[in-house]
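Asks: These protein sequence lines map, in sequence, to chains P and Y. My numbering applies: residue 1 is where the first sequence begins, and numbers increase by one. My numbering applies: residue 1001 is where the second sequence begins, and numbers increase by one.
FYI, nobody ran anything at the bench for these hints, they're computed from the structure. Cβ coordinates follow ideal geometry from the N, Cα and C atoms, glycine included. Some hints here could point you the wrong way.
[Unchecked claim] Not everything, but these chain Y residues come out facing chain P in the computed CB check (under 10 angstroms):
(1) Pro-1042
(2) Gly-1051
(3) Leu-1121
(4) Ala-1126
(5) Gly-1134
(6) Asp-1135
(7) Arg-1138
(8) Lys-1144
(9) Leu-1323
(10) Asp-1331
(11) Pro-1333
[To be verified] No more than 25 angstroms apart at the CA atoms, straight line, and that leaves these computed lysine to any residue pairs for SDA-like:
(12) P:Lys-143 with Y:Arg-1152
(13) P:Lys-171 with P:Arg-131
(14) P:Lys-171 with Y:Glu-1177
(15) P:Lys-171 with Y:Ala-1130
(16) P:Lys-143 with Y:Gly-1226
(17) P:Lys-143 with Y:Glu-1183
(18) P:Lys-143 with Y:Ala-1187
(19) P:Lys-143 with Y:Gly-1139
(20) P:Lys-143 with P:Tyr-227
(21) P:Lys-143 with Y:Ser-1128
(22) P:Lys-143 with Y:Ala-1182
(23) P:Lys-143 with P:His-182
(24) P:Lys-171 with Y:Arg-1171
(25) P:Lys-143 with P:Arg-131
(26) P:Lys-171 with Y:Ser-1174
(27) P:Lys-143 with P:Arg-76
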Amino acid sequence: MSARRPTLGVWKFASCDGCQLTLLDCEDELLALAATVDVVHFPEAGPVRPDGRYDLSIVEGSITTPEDAERIAEVRARSRRLVTIGACANGGGVQALRNFADVDGFLDLVYATPQYISTLRDSTPASAHVRVDFELQGCPPDKRQLLEVVSAFLNDRRPAVSGHSVCLECKRRGTVCVMVAHGTPCLGPLTHAGCGALCPSYNRGCYGCFGPAESVGADTGLHRTFYGARRDG
Amino acid sequence: MAERIIVSHPGGIARVEGEGEVRLRISGGRVEDVQLRIFEPPRLFEAFLRGRHCGELPDLTARICGICPVAYQLSACAAVEDACGVEVPAPVRDLRRLLYCGEWIESHALHVFFLQAPDALGYESAFSMAARHGDVVRGALQLKQAGNALLRAVGGREIHPVNVRVGGFYRAPSQAELAPVAEQLHAVRDFARRMIAWTAALPLPDIEEDFTFVALQEPDRYAIEGGRMTTTTALDLGPHAFDGHVVEEQVPHSTALHARLRGAGRYLTGPLARYALSGDRLSPAARGAARDAGLPAVVRNPFRAIVVRCAEILHAVDEALALIAAYDPPDPPAVAVAPRAATGAGWTEAPRGLLWHRYELAADGTIRDARIVPPTAQNLARIEDSVRARVEGCADLGDEALRDRCEQTVRTFDPCISCATHFLRLELDRR
């Protein structure tokens, strides 16, 4: 590593703030991290310097306005590595439900004078606009995985984040399959691991907040069980 | 005097949740106009919730805010349960309150030590503050961690908990799962108590303002997960009466709507309001420490909200410890909530203030209409007044000093701009 501390930028687009809060929630590691890197831009934590150069940029949120489409390109141009974190930055997020609807009608519903509001028709992931070096899944991402990704990129190696499904995590922690045993529909077979199979351990089906696992097809063997399962009120 | 437009800090006001801008127009040495401009992209929740099932609300509305997801989950649950004519039993309500205490601790600790305290001490961030105030920053991290541990133990995880459902919880945590959290809370309690005096001794601006306060109130305790809406104008309302008294208006400079109280105008919800209306119901230790720190019964200096937040942190720690000590897992952890065609309204006290939801449901539980009024949207207009009060008569100050005053004033109110769905950058327009 060079003598100079690597520079970090943390950027927010359309989102709930939860992903960057995950970084601030690393209570045991936060001060060590802040001493290891030069936190150049991280408005929520304090530093606001959007015109710098960043060895690593961490991006939260989806692209929903013409201004943000320009801003993400600017962030990319200023960053050596760009990592997107969370469901919004990686897939458009919950606000991508608008992609299936009439956005003008949506604006009319929320705002009395929608012409003040400028918005794109779709909510899209950062990767639809710029090259992304790594996408960390999760809504919110897992703390350990986030620290692994940050430390990997700061050390110029690939992050060790395995892309298997939630099912394996259930097996590992010994949780009885909620779909097979209780008939509860569960997206675990299709969903990217990282949460530690949280929902099944709370007697509910996975609702897919980590997005798709790396290599899953529609036919996982469990899909017939899924379609046969009752709707979970 | 020449007209000047100065835009400071492109990239957003630092240390607020979300991004936005304050625009100040000074002409002839007078402050002509103050605008808190929020143009964070609209996420259109109220629109895309239409057609979804009401059982999805806790998972969907949590995503409005990563700092206060529990507030959204529990306000949504309250509104749906109201629509369906269901009241959850006391043990379920207690468990909700316990979960909520975790969110108050985590959210307030973040604001007090990471967002506001650096202003009072002249630092850019808690990271730089740690060099000389290491004990405070480390203590704050442990305090925040304890709040998060509580959220994790009851909700499954700290951000967007998975255990909340309409009617209660998917699974009640065992006593054994809560015991280590109680230990953690005991360990940070003394720090929480000391920080009331510590924040009270910070060099804060000395300014008094008149506020119309709005907060939920309960007769026998400090309201968190329910209650009746009360005001310093002597209103006392149930959740269905909210939109009859609160008017929301769109303003051109903001993607967030502005609220005012019919007949009273701009108002404030949040810690200062809660403390003014039910400070006598804080835990004895929190009340005692606040009194010892010289906090009056009604705090009219918005900058001293930092002390009130610390008193609320200690209260939440005490409340959580009492709830854990008396805890018996509710069985079943949730009551059945059969949907029906009806309109329901509900509210809770988010860390930043009153959060109101209303849903119109179809007979099968499909959402026909949704309305969500977050605390920050209610406070935005009132925050503009405070910014004005802070810079009034100071037009001869330099640009940087004015910028600092504006930003610090906005920060003391802890606005959650993602909640108000929307964006802060400071623009100073001098004529």
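Asks: Hint by hint, note whether the structure agrees.
Replies: Here is what the structure says about each hint:
no.: 1; hint: Pro-1042; in the structure: 6 angstroms, holds
no.: 2; hint: Gly-1051; in the structure: 9 angstroms, holds
no.: 3; hint: Leu-1121; in the structure: 12 angstroms, violated
no.: 4; hint: Ala-1126; in the structure: 7 angstroms, holds
no.: 5; hint: Gly-1134; in the structure: 8 angstroms, holds
no.: 6; hint: Asp-1135; in the structure: 12 angstroms, violated
no.: 7; hint: Arg-1138; in the structure: 7 angstroms, holds
no.: 8; hint: Lys-1144; in the structure: 6 angstroms, holds
no.: 9; hint: Leu-1323; in the structure: 19 angstroms, violated
no.: 10; hint: Asp-1331; in the structure: 13 angstroms, violated
no.: 11; hint: Pro-1333; in the structure: 9 angstroms, holds
no.: 12; hint: P:Lys-143 with Y:Arg-1152; in the structure: 13 angstroms, holds
no.: 13; hint: P:Lys-171 with P:Arg-131; in the structure: 35 angstroms, violated
no.: 14; hint: P:Lys-171 with Y:Glu-1177; in the structure: 21 angstroms, holds
no.: 15; hint: P:Lys-171 with Y:Ala-1130; in the structure: 42 angstroms, violated
no.: 16; hint: P:Lys-143 with Y:Gly-1226; in the structure: 32 angstroms, violated
no.: 17; hint: P:Lys-143 with Y:Glu-1183; in the structure: 23 angstroms, holds
no.: 18; hint: P:Lys-143 with Y:Ala-1187; in the structure: 23 angstroms, holds
no.: 19; hint: P:Lys-143 with Y:Gly-1139; in the structure: 20 angstroms, holds
no.: 20; hint: P:Lys-143 with P:Tyr-227; in the structure: 33 angstroms, violated
no.: 21; hint: P:Lys-143 with Y:Ser-1128; in the structure: 23 angstroms, holds
no.: 22; hint: P:Lys-143 with Y:Ala-1182; in the structure: 23 angstroms, holds
no.: 23; hint: P:Lys-143 with P:His-182; in the structure: 30 angstroms, violated
no.: 24; hint: P:Lys-171 with Y:Arg-1171; in the structure: 19 angstroms, holds
no.: 25; hint: P:Lys-143 with P:Arg-131; in the structure: 24 angstroms, holds
no.: 26; hint: P:Lys-171 with Y:Ser-1174; in the structure: 22 angstroms, holds
no.: 27; hint: P:Lys-143 with P:Arg-76; in the structure: 24 angstroms, holds
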